[in-house]
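Quick note: the sequence shown, position 421, residue 421 per UniProt numbering, numbers continuous.
Please keep in mind that the hints were generated in silico from the structure rather than gathered at the bench.
What you are looking at is a predicted structure, and each value in this text was computed from that prediction instead of being measured.
Cβ coordinates follow ideal geometry from the N, Cα and C atoms, glycine included.
Check before you lean on any hint, since a few could be wrong.
DEER-style ranges, computed between Cβ atoms [to be verified]:
(1) Leu268 - Asn480: 51 to 57 Å
(2) Lys404 - Asp98: 45 to 51 Å
(3) Asn405 - Tyr218: 39 to 45 Å
(4) Ser89 - Lys422: 47 to 53 Å
(5) Glu529 - Asp159: 54 to 60 Å
Here are the simulated lysine-lysine pairs, BS3-like style, with alpha carbons at most 25 Å apart [what the hints assert, rightly or not]:
(6) Lys18 - Lys42
(7) Lys131 - Lys180
(8) Lys388 - Lys483
(9) Lys528 - Lys494
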Amino acid sequence: MNFYSGNYCCLEIFARCKSGTQGGIKLVNKITNESQESIAGKYNYILLKFPLIKKQEYQLILENVDISIAYLSQCDDILDKGVKFIEISDNYSLTTQDDLSDWYDTPYREQYHFGPYKNWINDPNGLCYYKGYYHMFYQANPHEQKWGHMYWGHAVSRDLVHWIHLPYVLFPQEEILNAKDLKGGAFSGCAVALDDRIQFYLTRHLGPSEDCDETVQYQTMVSSRDGINFGKEEIIIEKPGKPFSFNFRDPKVFYHNEKWKMVLGTQLNNIPAIVLYESKDMKNFEYSGEVILESQKGVYTIECPDLFELDGKFVAIAAYMFYTDDQGRIQPTMYYIGELEGHRLNVEKRGLFDFGSNYYAVQTFEYAGRRIAIGWISDFYEEHVVEKNGAYGSMALPRELSLKNNHLYMKPVKEVYSLIDKELCRISKQNIRIDKIKGNCYYSKLIFKGNSDFDLLLGKNEESSIRLKCNNNEVSIQTNGVKSSHVQFIAPIKEVRTVEIFVDRRVVEVFLNDGEAAGTKLFYTESKEGIFELSCTDTDVIDEVSVYTVKTIW
């Protein structure tokens, strides 16, 4: 198998020995005939790096190894150019992915939401703006379409919309990669962008395949001057003793009242909690107390917490692990609004962050006066459809947060609207049906000047469907013929005035009343043609309905 290095100086390749064998990789420069060899991981994939000379032809020789992901890295303009993926088929033929638009163009892959090159992705991590780029790190298993040992992937953007893939940067601990039966890796964390570096905080997990008292979670810190090359990682908070459980993770760090604050998700005496640590030097953190103790029955623990100032109040965010609400929604994300007094948030208002329930592990950051949130499009209903070289998971559209009347509002960041393309219709006072929307990627806005029941079909696949419905001013997302059909995803609003809808193949995102409520829902269809059908009981209340195609980011 031959490839051309171009302007890249490194080949990075995840390799594992085939079962019961010893295997490795040999790389030969076809000009100089010089060769390099490395041995693959025995039990788990390990990352092998081979230095390259620019603009040279190389031969890649594989012996008894499985390859998950391979790419060329290290070039002068890596933040703008990104890595170049190399795809190695089962019969060891090789192709380089020069254009990702064809790679992503399947019925089950989003076209304008960020998703990995392939395989598993979950929580957004390390969100920040640094030296001209938005950085998004994320939890990933590069090797399979399921959760596994955790890595940090990395992407950057100039505009929060178009993302460039960069090398994986954080990896499972060596003792995990060298063992058969351990679980863990680089779990979730955050970033603080400073003048000369990005400071990262994250959880390390180490333990048996099934969580128990032997499971350890501890907090570390590591810095980088470019987001690609990382310094030495240091442990800053070891596993605490009682009353904390081993669930002790997902640090979010911010500066307030002349101290660095870190919130973590945990259990205190078996009660789900967000707890606070404080530091004067960003390294030595001391426990301050609980921010929130959650009394809601059925919540196992809080994870992926956040805490930030917004429009004169403090807002906390908590992901409810293993919780199902009274509508049947699994693992919702909640927000709390109140005043921060000492370490405790005196809660004045609480609410559902996303009523669609396919939204989890949200993380926020602030830049240029905007509080921006990105969440993981999760799949706790296990509706994922496996396809070869497919991806399991993606990121919701970035949202700008604000408070109005002590309520959390969220709208897509303004940059998202730059993707809106061709107008398909603009009507008023009538129902409409549009079949075969090319690409099944579209945006719609509906404006109502009065109340009426309506039924809006947004996706269909043989006997299954997804709809947005309004019945007696109760708005909900409803699915039929899929595993989540028993759930009505009801929006926490009293009337509907405006509706914005983003359909992106397997994802539907809905924003109601200029951000008063938002809902994210998965729906898989085998077709790359979309449908939009509005049936309104009283068409006179329809002030305007518009539908547009949306451009791909790839």
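For each hint, the structure was consulted:
1. For the hinted restraint 51 to 57 Å between leucine 268 and asparagine 480, the CB-CB distance of approximately 42 Å leaves it violated.
2. Checked against the given bound of 45 to 51 Å, the beta carbons of lysine 404 and aspartate 98, roughly 46 Å apart, stay inside it.
3. Remark: the range hint 39 to 45 Å for asparagine 405 to tyrosine 218 is upheld by a beta-carbon distance near 41 Å.
4. One distance hint, 47 to 53 Å for the beta-carbon pair serine 89 and lysine 422, is violated here, with the actual separation near 36 Å.
5. Distance hint for glutamate 529 and aspartate 159: a CB-CB separation of about 28 Å, inconsistent with the stated range 54 to 60 Å.
6. The hinted pair formed by lysine 18 and lysine 42 meets the criterion: a straight-line CA distance of about 8 Å does not exceed 25 Å.
7. Distance hint between lysine 131 and lysine 180 is unfulfilled; the C-alpha atoms sit about 41 Å from each other, more than 25 Å.
8. Only pairs whose Cα atoms come within 25 Å are accepted, and lysine 388 paired with lysine 483 is accepted, the gap being roughly 22 Å.
9. Distance check on the hinted pair: lysine 528 and lysine 494 sit about 35 Å apart at the alpha-carbon level, beyond 25 Å; violated.
Hints 1, 4, 5, 7 and 9 from the earlier list are contradicted by this structure; the remaining hints agree with it.
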